[in-house]
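**Student:** Letter by letter, the chains look like this.
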Amino acid sequence: MRVLVVEDHVALARQVADALRDAGFVADQAADGEEGHFLGDTEPYDAVVLDLGLPVLDGLTVLRRWRAAGRDMPVLILTARDGWTEKVAGLNAGADDYLAKPFVMAELVARVQALVRRAHGRSRPEIALGRLVVDTAAQRVLLDGAGVKLTGLEYRLLAYLALHAGQVVSKTELTEHLYAQDFDRDSNTLEVVVGRLRRKLGDGFIETIRGQGYRLSAG
Amino acid sequence: MRWPRSLALRLALAAGLWVAAGLGAAAWFVADIAVHQVEAAFDGRLAALLDAAVAVAATDADGGIVLSRAPAGADFERPFSGAYWQVTAPDGSVKTSRSLWDQVLPAAATGHDGVLLRDASGPRGEMLRVAERDLLLPGASAPAHVAVGLSRMETEAEIARLRRTLLVTFAVLGLGLVGGVVATVVAGLAPLRRVRRALVEVREGRRAAFEIDAPSEIAPLVAELDALVAANRATVERARSHVGNLAHALKTPLAVLRNALDGAAPDLPVARGEAAALERLVHHHLARARTAALASAAAGAVPMEAATQVARALRRLFAERHLAIEVGGDAALRVRLDPQDLTEMLGNLMENACTWARSRITVSVAAAGREVIIAVSDDGPGLPDGDRDAALGRGVRLDEAVPGSGLGLAIVADLAALHGGRLDLGRAADGGLRAVLHLPGQAMTVGA
Numbered sequence: 001m002r003v004l005v006v007e008d009h010v011a012l013a014r015q016v017a018d019a020l021r022d023a024g025f026v027a028d029q030a031a032d033g034e035e036g037h038f039l040g041d042t043e044p045y046d047a048v049v050l051d052l053g054l055p056v057l058d059g060l061t062v063l064r065r066w067r068a069a070g071r072d073m074p075v076l077i078l079t080a081r082d083g084w085t086e087k088v089a090g091l092n093a094g095a096d097d098y099l100a101k102p103f104v105m106a107e108l109v110a111r112v113q114a115l116v117r118r119a120h121g122r123s124r125p126e127i128a129l130g131r132l133v134v135d136t137a138a139q140r141v142l143l144d145g146a147g148v149k150l151t152g153l154e155y156r157l158l159a160y161l162a163l164h165a166g167q168v169v170s171k172t173e174l175t176e177h178l179y180a181q182d183f184d185r186d187s188n189t190l191e192v193v194v195g196r197l198r199r200k201l202g203d204g205f206i207e208t209i210r211g212q213g214y215r216l217s218a219g
Numbered sequence: 001m002r003w004p005r006s007l008a009l010r011l012a013l014a015a016g017l018w019v020a021a022g023l024g025a026a027a028w029f030v031a032d033i034a035v036h037q038v039e040a041a042f043d044g045r046l047a048a049l050l051d052a053a054v055a056v057a058a059t060d061a062d063g064g065i066v067l068s069r070a071p072a073g074a075d076f077e078r079p080f081s082g083a084y085w086q087v088t089a090p091d092g093s094v095k096t097s098r099s100l101w102d103q104v105l106p107a108a109a110t111g112h113d114g115v116l117l118r119d120a121s122g123p124r125g126e127m128l129r130v131a132e133r134d135l136l137l138p139g140a141s142a143p144a145h146v147a148v149g150l151s152r153m154e155t156e157a158e159i160a161r162l163r164r165t166l167l168v169t170f171a172v173l174g175l176g177l178v179g180g181v182v183a184t185v186v187a188g189l190a191p192l193r194r195v196r197r198a199l200v201e202v203r204e205g206r207r208a209a210f211e212i213d214a215p216s217e218i219a220p221l222v223a224e225l226d227a228l229v230a231a232n233r234a235t236v237e238r239a240r241s242h243v244g245n246l247a248h249a250l251k252t253p254l255a256v257l258r259n260a261l262d263g264a265a266p267d268l269p270v271a272r273g274e275a276a277a278l279e280r281l282v283h284h285h286l287a288r289a290r291t292a293a294l295a296s297a298a299a300g301a302v303p304m305e306a307a308t309q310v311a312r313a314l315r316r317l318f319a320e321r322h323l324a325i326e327v328g329g330d331a332a333l334r335v336r337l338d339p340q341d342l343t344e345m346l347g348n349l350m351e352n353a354c355t356w357a358r359s360r361i362t363v364s365v366a367a368a369g370r371e372v373i374i375a376v377s378d379d380g381p382g383l384p385d386g387d388r389d390a391a392l393g394r395g396v397r398l399d400e401a402v403p404g405s406g407l408g409l410a411i412v413a414d415l416a417a418l419h420g421g422r423l424d425l426g427r428a429a430d431g432g433l434r435a436v437l438h439l440p441g442q443a444m445t446v447g448a
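Quick mapping for you: the protein sequence lines, in order, are chains A and B.
Residues 1 to 219 (the working numbering) are what the first sequence spells out, left to right.
Residues 1 to 448 (the working numbering) are what the second sequence spells out, left to right.
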């Protein structure tokens with residue numbers, strides 16, 4: 001899951017990005033509205049955390065431009081002004097949720113997770129696929145009720161496939177959603193990770209669709 | 001034409017134009033009447049002279065006509081004196097007064113009845129008024145013709161003098177009237193100048209209130225200004241007391257926080273608790289500051305508009321719960337408060353309703369007398385009777401499991417009270433919470 005954090009306060013931006021990384025997200029950062037708008041316009045993010053008071057281009061304008069251009073990723077707005085007039089303006093400009101500063105980091109992470117789930121039409125954090133359960137809130141994977149130990153990248157790949165369960169996900173899409181923007185991407189790594197996951201979960205869950213990508217199913 | 005900006009100048013100008021027109025017309029009428037009278041008097045005198053001439057006319061032994069003696073009443077003897085007579089016998093022979101010397105009066109028409117008055121040119125080219133008539137003397141076969149002429153010079157001079165006198169009189173009268181108007185206006189506007197001076201003194205802090213004994217037309221203005229000054233002062237007072245409260249409320253937890261973090265073994269649970277308390281306080285006081293700042297700027301807002309906007313935002317916010325948020329009522333109703341305050345109240349009430357509702361919240365807007373009633377109902381669990389008052393208490397959260405600062409309903413109640421309204425909590429028809437806002441309405445409607 002790739003998340004964009006648009007926040008001009010350096011320390012806060014780092015805290016948010018770190019917390020999201022800890023929660024299994026890949027986080028890109030932008031420090032002003034223009035850069036944030038560009039990234040959100042060109043990269044496929046699964047969610048955006050958008051501050052409203054931004055330099056160069058204010059958050060509300062960034063949001064309106066994204067929505068006008070058809071970018072429909074879920075957006076959580078952060079604002080110091082927590083009056084209802086601002087909330088209504090933000091939500092009616094196309095935001096999906098808001099969080100007033102100061103906030104508790106755990107709540108921000110929970111809300112971003114909820115937004116991503118909601119965007120995939122799921123209301124519960126656990127995704128059950130037969131014997132396999134992926135708990136996106138706790139970042140846990142259970143096989144027959146027992147926990148499976150996964151690395152960060154393994155978990156991210158499995159969680160992304162689980163959110164798109166039953167659908168074919170291309171390697172390009174996986175790469176775009178599992179790595180940060182300036183990460184050195186190597187599609188061979190994906191094959192290696194998928195191989196490791198198959199060993200840990202057993203065959204039957206992850207199918208390779210030749211020439212198209214991977215598909216996760218109940219096995 | 002653009003009117004000058006000065007009220008006094010405007011009134012003086014208007015009065016001046018009106019006085020000039022009125023006096024001009026009056027002067028013209030009066031002059032006309034006076035000139036008429038002078039002319040009539042002159043003609044009367046001329047007719048009398050003609051009568052005098054006729055009275056002394058007689059037939060002489062030859063059958064010719066003579067004047068038995070000089071007619072009285074004018075100087076007919078001195079040459080070119082300006083008074084002349086002339087008698088023309090039926091045979092055409094003419095006798096004249098000595099004053100005509102060797103001249104005759106211009107030929108007169110004969111054969112008409114009574115006295116004929118006409119203007120003519122005198123022996124020296126002067127303006128002459130001539131009265132003449134036919135006269136049939138005893139023993140004569142045909143009528144003789146008697147004419148008397150008088151120079152108009154004196155009369156013309158008299159008329160000119162009359163006109164001059166009238167002009168001067170009316171001009172002086174006009175100037176006097178305009179001066180009177182100007183003086184009245186200046187005196188009438190004096191209270192405004194007093195108000196201005198008082199305003200300056202109030203602004204500079206040299207006096208607390210106007211308290212001017214103003215005339216009844218200006219008294220309401222002065223009263224409104226006094227009210228404005230009082231409202232401003234109240235706002236400043238409120239802000240000052242807020243700052244005091246804020247300082248007190250923030251410094252205590254800050255001190256505790258500091259103590260908890262100082263020393264060899266920081267007490268993190270206490271620090272965390274105080275940080276949370278500080279956050280709540282900042283939130284609360286910012287909300288209060290906002291309400292205080294906006295309270296005086298009552299611009300007027302449309303509840304249906306605000307509720308519709310908030311409903312749209314909440315549908316997005318609670319998208320996954322598929323709540324039915326229904327807003328209905330009179331779209332023309334307005335309330336007398338700032339739109340931001342109304343949105344704040346509706347946002348808090350409607351979000352609270354969304355948080356607790358099972359499937360549906362309804363917002364209704366209706367008028368009741370001079371009040372606008374906004375009711376927000378949900379079909380959630382509702383509040384037990386005993387908890388409703390507590391819910392309006394500051395920072396009280398009745399359920400710690402649901403996110404929120406616990407200030408929502410208290411803020412709504414504060415805001416409503418600040419604007420002269422109130423918030424009532426009750427039970428909805430299907431058991432949920434029914435929050436009813438009573439707000440002062442406006443008589444005017446959106447369309448008007």
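Because the hints were derived from the structure by calculation, they are not lab data.
Among the clues, some could well be false.
Under the rule of at most 20 Å between Cα atoms (straight-line distance), these lysine to any residue pairs were calculated in the SDA-like manner [what the hints assert, rightly or not]:
1. K171/A with A138/A
2. K101/A with R427/B
3. K101/A with H284/B
4. K101/A with A271/B
5. K101/A with L286/B
6. K101/A with R434/B
7. K200/A with R185/A
8. K200/A with S123/A
9. K101/A with W28/B
10. K200/A with P102/A
11. K101/A with Q29/A
12. K149/A with L190/A
13. K101/A with R272/B
14. K101/A with A48/B
15. K149/A with A138/A
16. K101/A with E279/B
17. K200/A with A218/A
18. K251/B with Q29/A
19. K171/A with D144/A
Derived Cβ-Cβ restraints for the label pairs, each shown as a range [as the list claims (entries may be wrong)]:
20. T235/B with T175/A: 53 to 61 Å
21. G263/B with K101/A: 23 to 31 Å
22. D387/B with A11/A: 50 to 58 Å
23. T235/B with D18/A: 43 to 51 Å
24. D18/A with D387/B: 36 to 44 Å
25. R14/A with T235/B: 40 to 48 Å
26. R427/B with E43/A: 45 to 53 Å
Here a beta-carbon is modelled for each residue, glycine too, at the ideal position from N, C-alpha and C.
**Student:** Confirm or reject each hint.
**Tutor:** Now the hints, each set against the structure:
no.: 1; hint: K171/A with A138/A; verdict: 26 Å, violated
no.: 2; hint: K101/A with R427/B; verdict: 34 Å, violated
no.: 3; hint: K101/A with H284/B; verdict: 13 Å, holds
no.: 4; hint: K101/A with A271/B; verdict: 19 Å, holds
no.: 5; hint: K101/A with L286/B; verdict: 13 Å, holds
no.: 6; hint: K101/A with R434/B; verdict: 30 Å, violated
no.: 7; hint: K200/A with R185/A; verdict: 24 Å, violated
no.: 8; hint: K200/A with S123/A; verdict: 27 Å, violated
no.: 9; hint: K101/A with W28/B; verdict: 86 Å, violated
no.: 10; hint: K200/A with P102/A; verdict: 41 Å, violated
no.: 11; hint: K101/A with Q29/A; verdict: 18 Å, holds
no.: 12; hint: K149/A with L190/A; verdict: 18 Å, holds
no.: 13; hint: K101/A with R272/B; verdict: 17 Å, holds
no.: 14; hint: K101/A with A48/B; verdict: 116 Å, violated
no.: 15; hint: K149/A with A138/A; verdict: 13 Å, holds
no.: 16; hint: K101/A with E279/B; verdict: 10 Å, holds
no.: 17; hint: K200/A with A218/A; verdict: 15 Å, holds
no.: 18; hint: K251/B with Q29/A; verdict: 36 Å, violated
no.: 19; hint: K171/A with D144/A; verdict: 28 Å, violated
no.: 20; hint: T235/B with T175/A: 53 to 61 Å; verdict: 59 Å, holds
no.: 21; hint: G263/B with K101/A: 23 to 31 Å; verdict: 30 Å, holds
no.: 22; hint: D387/B with A11/A: 50 to 58 Å; verdict: 41 Å, violated
no.: 23; hint: T235/B with D18/A: 43 to 51 Å; verdict: 44 Å, holds
no.: 24; hint: D18/A with D387/B: 36 to 44 Å; verdict: 41 Å, holds
no.: 25; hint: R14/A with T235/B: 40 to 48 Å; verdict: 41 Å, holds
no.: 26; hint: R427/B with E43/A: 45 to 53 Å; verdict: 51 Å, holds
When each numbered hint is compared with the structure, violations occur for hints 1, 2, 6, 7, 8, 9, 10, 14, 18, 19 and 22.
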